[in-house]
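Colleague: Chain by chain, the residues:
2 protein chains.
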Amino acid sequence: MENELSKALAESFSMKGGEGPSSYAQNSSIQREKIEAAKMFLQDAIAKKLDPNALSANQICIADLGCSTGTNAFIAVQYIIEAVESQYHSQGLAVPEFQVFFNDLVLNDFNTLFRNLPPERTYFAAGIPGSFYGRLFPNKTLHVVHSSSTLGWISEIPREITNRNSVAYNKGRIHVGDAPKEVVDAYATQYQLDMETFLNARAQELVAGGLMLLQIPCEADAMLDSEISRTKFFELLGSCLADMAKEGIFGEEDLDSFNLPLYFPPLKNLEEILEGNGDFSVEGKEIYPEISLIAPNNVKMGASHCRATLEVLIEKHFGDGIVDDLFQRYVRKVMEFAEVMKVQKFKSLVLFVLLNRKP
Amino acid sequence: MENELSKALAESFSMKGGEGPSSYAQNSSIQREKIEAAKMFLQDAIAKKLDPNALSANQICIADLGCSTGTNAFIAVQYIIEAVESQYHSQGLAVPEFQVFFNDLVLNDFNTLFRNLPPERTYFAAGIPGSFYGRLFPNKTLHVVHSSSTLGWISEIPREITNRNSVAYNKGRIHVGDAPKEVVDAYATQYQLDMETFLNARAQELVAGGLMLLQIPCEADAMLDSEISRTKFFELLGSCLADMAKEGIFGEEDLDSFNLPLYFPPLKNLEEILEGNGDFSVEGKEIYPEISLIAPNNVKMGASHCRATLEVLIEKHFGDGIVDDLFQRYVRKVMEFAEVMKVQKFKSLVLFVLLNRKP
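Line by line, the protein sequences are chains W and E. According to this note's numbering, the first sequence is numbered sequentially starting from 1. According to this note's numbering, the second sequence is numbered sequentially starting from 1.
The set of hints was computed from the structure by calculation and includes no laboratory data. Warning: the hint list may mix true and false statements.
A pair counts as met if it fits within one copy or between any two copies, since identical chains are not told apart.
In silico BS3-like pairs for lysine-lysine, Cα to Cα no more than 30 Å straight-line [said to hold, decoys possible]:
hint : residue 1 : residue 2
1    : Lys358    : Lys171
2    : Lys49     : Lys140
3    : Lys285    : Lys140
Values in this document were obtained by computation on a predicted structure and should not be read as measured data.
Given only the sequences and the hints, what does the whole structure look like? Please build it.
Modeller: Structure below.
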């Protein structure tokens, strides 16, 4: 049943494909900044923890999970390969061949991904369709797993938040901002379940000594919901949808049944989940501030980014033709809000973490 | 340079994608009949030649080369997996996990392939974009390679046949039918080069004892060009294009510069190429008659099939908007021809061959 629901989301959802002005490919510069910030982290992690002699591998298999159409995945993979090559060179060993698996949901635009593969790449490339909240690879076949900006997506909307009879019914909102504690708890429970599923699947797929390099969005522990930029961001989007419902552009019930499949845990909870998994040891972590999407100078970039990420999901629920109107309202609302609120205090985090598959 | 040209073809070509009435997915029943005919051959080959103890593999990696959108590839892969499972069961061994790689050119419609993957499959699926006339996988990673109906495609058009100053200039034709010997020789040379490249690449990718199961279109040795159904089929298509050029629908030079990247060798030559490769031993072969696409009862199916296969290529060269007209002319011409010629004598062949990677 869990798999069925997970599949239901997997089959209804993707980033905006192609390469047009509203595509994800043209609107992922925010993720890219994180990848650049992660370069040193990736290189350090591999230099310290990847031991060619212990792996004794004929080929190195790398998986990028949540690759979308590749713009940023190609860069991260290149950093990883260069770092692995350095390890082999530094020990005077011949460098093995590289196999890179690019994974995303079945509805991802793999055609664009494949057409954009770097022509000068030094690896064999493959596309892997499917949800990473499930097995994607045979037992003990991966050496390095990388995932950036993807582990905020949960596998399904918790049932109780769309159930009118539940105390966690999330009426009139699309996410946790300004929501009762029960809504936040329902999201947090789903997140923990998904993250454990994720770790258990990867524990089977990674060889002993294999590395997992993750960049996971999260929030500082002491902050109020109303101080968190991501939460505020989606709250403002939700209020635009509420305005549109009030104007009769769609029904109130359409709004009530729509919730974003995203959750960003408090840092402390995230660390507990990672450290509580018996198959991995946490070998390194760093915390970075997320770029605020509602700082005044980032409003338009933030809106474009948000649109590329959510357009497919929103159109599927509300129907075609509302997205232009929605994001015009959204930019106006964020700019008014940003001017008043001096939003520099609104900060979100990204945890960079290195996990090592125990023998 | 060879790679560049091969790439040029790889980037300009695919079967008709999607699932509409003119798509390859809806027009590949002819290939499917071959796969059904091959079922016994595949099962026999694996029963006789795949030795689980010799492989001692943690997972079995299978590659289908030239998968298109999967309609037939999924069936063939299922037969192979069932046969491999039987081998493990019969020796009382635990069945390993299966990884299946679906390969086709970069412009193939992998999105449709992935959406059509059998939901109940018992294997991990991957898409591999690229020409099989080159390396696609790391060294010694594949256990079974399968390819059906794809090894008639050559990697590039031989240069001399589009060179006005060459004796092999193929003016006014699109293939070898009714062409001078020099044209046929140019195609045959390209074919031999491509097939050797194919075998050398697979020799590196297969483990020792790994199997290659190929269905290769070819022709009976003693036949005249004019008696071969495939050749006649493309000659008739070429004569429709020549009619259209005469009517000024496009220029004569457009026709002269268009040639089909297809070749079907005499059986004897094909066997020489396969037996001449030092890395593989030929462990079994069977010869099947190809279904004639110009038999009167197959005309419309043949035209639909031909259109699904060639539409992208033809539109790319001649421009949009000629394909409907062309295939209407084609059906009329084939029906007139078929009525007169009692085409039952026109037969083409398919060689089913089992190759074993030598230790």
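Colleague: Which numbered conditions among the earlier hints are violated in the structure presented, ordered from lowest to highest?
Modeller: 1
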